[in-house]
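Using the sequences provided together with the hints, build the complete structure.
This is what each chain is made of:
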Amino acid sequence: MASQAFEDIVDDFEFIDDWEDRYRYVIELGKAMDDMDDALKVEANKVHGCASQVWLHITKSDDQFSFIGDSDAMIVKGLIAVLQKLYNGLAISDARGVNALEELGRLGLNDHLSAQRSNGLRSMIERITASVA
Amino acid sequence: MFDVNATRKDFPILSRTVNGKPLVYLDNGASSQKPQVVIDAVTKAYAEEYANVHRGLHFLSNLATEKYESVRGIVAKFLGARDEDEIVLNSGTTEGINMVAYGWAMENMSAGDEIVLSVMEHHANIVPWHFLRERCGVVLKWVDVDHHGNLDPQAVIDAIGPKTRLVAVTHMSNVLGTRVDVKAITKGAHAQGVPVLVDGSQGAVHAPVNVDDIGCDFYAITGHKLCGPSGSGAIFVKKERMAEMRPFIGGGDMIKEVHKDHVIYNDAPMKFEAGTPGIVQTIGFGVALDYLMTLGMDKIAAYEDQLTKEAAQKLGALNFLHLQGQPNDKGAIFSFTLDGAGHAHDISTILDKRGIAVRAGQHCAGPLMDHMGITASCRASFAFYNTSQEIDALVDALHLAHDLLG
Numbered sequence: 002m003a004s005q006a007f008e009d010i011v012d013d014f015e016f017i018d019d020w021e022d023r024y025r026y027v028i029e030l031g032k033a034m035d036d037m038d039d040a041l042k043v044e045a046n047k048v049h050g051c052a053s054q055v056w057l058h059i060t061k062s063d064d065q066f067s068f069i070g071d072s073d074a075m076i077v078k079g080l081i082a083v084l085q086k087l088y089n090g091l092a093i094s095d096a097r098g099v100n101a102l103e104e105l106g107r108l109g110l111n112d113h114l115s116a117q118r119s120n121g122l123r124s125m126i127e128r129i130t131a132s133v134a
Numbered sequence: 010m011f012d013v014n015a016t017r018k019d020f021p022i023l024s025r026t027v028n029g030k031p032l033v034y035l036d037n038g039a040s041s042q043k044p045q046v047v048i049d050a051v052t053k054a055y056a057e058e059y060a061n062v063h064r065g066l067h068f069l070s071n072l073a074t075e076k077y078e079s080v081r082g083i084v085a086k087f088l089g090a091r092d093e094d095e096i097v098l099n100s101g102t103t104e105g106i107n108m109v110a111y112g113w114a115m116e117n118m119s120a121g122d123e124i125v126l127s128v129m130e131h132h133a134n135i136v137p138w139h140f141l142r143e144r145c146g147v148v149l150k151w152v153d154v155d156h157h158g159n160l161d162p163q164a165v166i167d168a169i170g171p172k173t174r175l176v177a178v179t180h181m182s183n184v185l186g187t188r189v190d191v192k193a194i195t196k197g198a199h200a201q202g203v204p205v206l207v208d209g210s211q212g213a214v215h216a217p218v219n220v221d222d223i224g225c226d227f228y229a230i231t232g233h234k235l236c237g238p239s240g241s242g243a244i245f246v247k248k249e250r251m252a253e254m255r256p257f258i259g260g261g262d263m264i265k266e267v268h269k270d271h272v273i274y275n276d277a278p279m280k281f282e283a284g285t286p287g288i289v290q291t292i293g294f295g296v297a298l299d300y301l302m303t304l305g306m307d308k309i310a311a312y313e314d315q316l317t318k319e320a321a322q323k324l325g326a327l328n329f330l331h332l333q334g335q336p337n338d339k340g341a342i343f344s345f346t347l348d349g350a351g352h353a354h355d356i357s358t359i360l361d362k363r364g365i366a367v368r369a370g371q372h373c374a375g376p377l378m379d380h381m382g383i384t385a386s387c388r389a390s391f392a393f394y395n396t397s398q399e400i401d402a403l404v405d406a407l408h409l410a411h412d413l414l415g
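Protein chains in written order, with the numbering used here: chain A, 2 to 134; chain B, 10 to 415.
If you are wondering where the hints come from, they were derived from the structure by calculation, not from laboratory data. You may find that some hints are simply not true.
Derived EDC-like pairs (lysine to aspartate or glutamate); straight-line CA-CA distance at most 16 Å [unchecked claim]:
| id | chain 1 | residue 1 | chain 2 | residue 2 |
| --- | --- | --- | --- | --- |
| 1 | B | Lys362 | A | Asp35 |
| 2 | B | Lys30 | A | Glu127 |
| 3 | B | Lys362 | A | Asp19 |
| 4 | A | Lys32 | A | Asp22 |
| 5 | B | Lys150 | B | Asp167 |
| 6 | B | Lys196 | B | Asp221 |
| 7 | B | Lys192 | B | Asp401 |
| 8 | B | Lys53 | B | Glu75 |
| 9 | B | Lys323 | B | Asp401 |
| 10 | A | Lys86 | A | Asp35 |
| 11 | B | Lys86 | B | Asp307 |
| 12 | B | Lys30 | A | Asp38 |
| 13 | B | Lys362 | A | Glu127 |
| 14 | A | Lys86 | A | Glu21 |
| 15 | B | Lys150 | B | Glu123 |
| 16 | B | Lys362 | B | Asp405 |
| 17 | A | Lys47 | A | Glu103 |
| 18 | A | Lys32 | B | Asp412 |
| 19 | B | Lys86 | B | Asp405 |
| 20 | B | Lys30 | B | Asp361 |
| 21 | B | Lys362 | A | Asp18 |
Computed, partial: chain A to chain B, Cβ under 10 Å [what the hints assert, rightly or not]:
| id | residue |
| --- | --- |
| 22 | Ala6 |
| 23 | Ile17 |
| 24 | Trp20 |
| 25 | Glu21 |
| 26 | Tyr24 |
| 27 | Ile28 |
| 28 | Lys32 |
| 29 | Met34 |
| 30 | Asp36 |
| 31 | Ser53 |
| 32 | Gln54 |
| 33 | Ser72 |
| 34 | Ala74 |
| 35 | Val77 |
| 36 | Lys86 |
| 37 | Arg97 |
As the structure is a computational prediction, the values presented were derived from the model and not from experiment. Using N, Cα and C, we set each Cβ at its ideal position, and we do this for glycine too.
Below, the structure written as structure tokens:
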């Protein structure tokens, strides 16, 4: 079960047919995301398996799951923002129940879900699911 | 006159679409596409002519051996080598340079001896020498390029000292497209008694090569960049160097006799080709080289020069694009980044949606990227089957990338 913020994106995407505008939307989400403190860009937060640099800093408190992240690639940063919408604010038990690949598939961002390892979306999702397991 | 539209018809893949757009294949520096004659030759070799080579006395083994061995002569002709026995068939440049590192350099170098190389070498012409640094204490001496990406041959020659045993240099940068005057380098190196290895992975693709004229000791090429199958390639090794070289990989085919206490190797170049080789790949490689020679490498070079000039002018006109390297003598390879925060992977993702294939990343050239102070770039690398319209498609898509990422 995804968060309402993610459902809002799904709704928006229904009105955007053009891939260029979908990319524009995802990139804008990334730009709007809160900056990640450089002090958090440490090896422990680095997600490997991405061709660009990706960091995720996950926090779990009062049973609430959330993370912040950053990447030097704008599309990847936008995908981090989409994942934030999908997960942030969920109870850990709810976060555990999210099927991220299936949810992102609803956005038609299928290129990024394919076997292509280089964009690292799968690695990011693995990092998140491992932390709530 | 070179007819690009007729030539494109030889390559079935060029008529496909990608993401709903006509494919614009600009990743030729990584690997070239294959003409129908090569695809047919591979199919025919498996369907009608296949058996192991150099072994059986039966009909098919003889046929496959004849086909395979004929490629040695084709490569010699392609490279302008005088004697086909100076050609070792292999899986590509990486294997060729590793063979020289283990078989020749390790035999002829000791701790403190130097190898001179340029900062714009591909990792295939760096990592094998690092192996020697790690294992034998060989010293790597680097020669910089200037800020336009030119490599001054004299700077390479000047880097040669009394302990230098080899110069290993590319014929053309896979990132900047810089063409290197390997003839001048060889002349200067030989004057000091130092052999020269040329990485011809890119150089041999874009212009005629004549190793006799260059005078180099080793010249390595890769089949899959020359319209041949992946896993094919060759290296030219001058007779004198071949005599100094020990086999690098041991196994079947490279021996005359094997006993419990000694082995007798096959004659060169066979002793450098152990085990069952890429038989069909090599047969396809020969057909690819014949295809290129029929088109005419001089005609290919002239057409590509025209394409390069046009691309340089059209890409140079984009004020949001940063082209890496504007060397005086440049082949059809362009690396670039964009103004703003767009990463090379962002750019290539957007170009891909437009059906345009480029490479993004480090291009297996870490020292050059360090030298240029960037972590990644996009690379559009052209072949003789690319067109002026494809340059326009690239420019158009770059405008979009700038719009989305800027």
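Results of checking the hints against the structure:
1. B:Lys362 to A:Asp35: This hinted pair is violated, its Cα atoms lying about 28 Å apart.
2. B:Lys30 to A:Glu127: Violated: B:Lys30 and A:Glu127 sit about 33 Å apart, past 16 Å.
3. B:Lys362 to A:Asp19: At roughly 11 Å apart (the allowed maximum being 16 Å), A:Asp19 and B:Lys362 satisfy the hint.
4. A:Lys32 to A:Asp22: Holds, at roughly 15 Å.
5. B:Lys150 to B:Asp167: Roughly 11 Å separates the two Cα atoms, so the pair holds.
6. B:Lys196 to B:Asp221: Holds - the C-alpha atoms of B:Asp221 and B:Lys196 are around 12 Å apart, at most 16 Å.
7. B:Lys192 to B:Asp401: violated, 35 Å
8. B:Lys53 to B:Glu75: Satisfied, since the Cα-Cα distance of roughly 15 Å is no more than 16 Å.
9. B:Lys323 to B:Asp401: holds, 8 Å
10. A:Lys86 to A:Asp35: holds, 13 Å
11. B:Lys86 to B:Asp307: holds, 14 Å
12. B:Lys30 to A:Asp38: Cα-Cα ~41 Å, so violated.
13. B:Lys362 to A:Glu127: violated, 26 Å
14. A:Lys86 to A:Glu21: Given that 16 Å is the threshold and the Cα spacing comes to 21 Å, the pair is violated.
15. B:Lys150 to B:Glu123: holds, 7 Å
16. B:Lys362 to B:Asp405: holds, 12 Å
17. A:Lys47 to A:Glu103: Distance of about 24 Å is beyond 16 Å: violated.
18. A:Lys32 to B:Asp412: Judged against 16 Å, a Cα distance of about 14 Å means the pair holds.
19. B:Lys86 to B:Asp405: At roughly 41 Å apart (the allowed maximum being 16 Å), B:Asp405 and B:Lys86 break the hint.
20. B:Lys30 to B:Asp361: At roughly 9 Å apart (the allowed maximum being 16 Å), B:Asp361 and B:Lys30 satisfy the hint.
21. B:Lys362 to A:Asp18: holds, 14 Å
22. Ala6: This hint is violated: A:Ala6 lies away from chain B, its Cβ roughly 23 Å from the closest one there, beyond 10 Å.
23. Ile17: violated, 14 Å
24. Trp20: holds, 6 Å
25. Glu21: Since chain B brings a Cβ to about 7 Å from A:Glu21, closer than 10 Å, the hint holds.
26. Tyr24: holds, 6 Å
27. Ile28: holds, 6 Å
28. Lys32: It holds, given that the least Cβ distance between A:Lys32 and chain B is near 8 Å, below 10 Å.
29. Met34: Violated, because the Cβ-Cβ distance from A:Met34 to chain B comes to roughly 13 Å (cut-off 10 Å).
30. Asp36: violated, 13 Å
31. Ser53: holds, 5 Å
32. Gln54: It holds, given that the least Cβ distance between A:Gln54 and chain B is near 8 Å, below 10 Å.
33. Ser72: For A:Ser72, the interface hint holds, since the closest Cβ of chain B sits about 8 Å away, which is under 10 Å.
34. Ala74: Hint holds; A:Ala74 Cβ to chain B Cβ min 4 Å, cut 10 Å.
35. Val77: Since chain B brings a Cβ to about 7 Å from A:Val77, closer than 10 Å, the hint holds.
36. Lys86: With Cβ-Cβ at 20 Å, over 10 Å, it is violated.
37. Arg97: violated, 30 Å
When each numbered hint is compared with the structure, violations occur for hints 1, 2, 7, 12, 13, 14, 17, 19, 22, 23, 29, 30, 36, 37.
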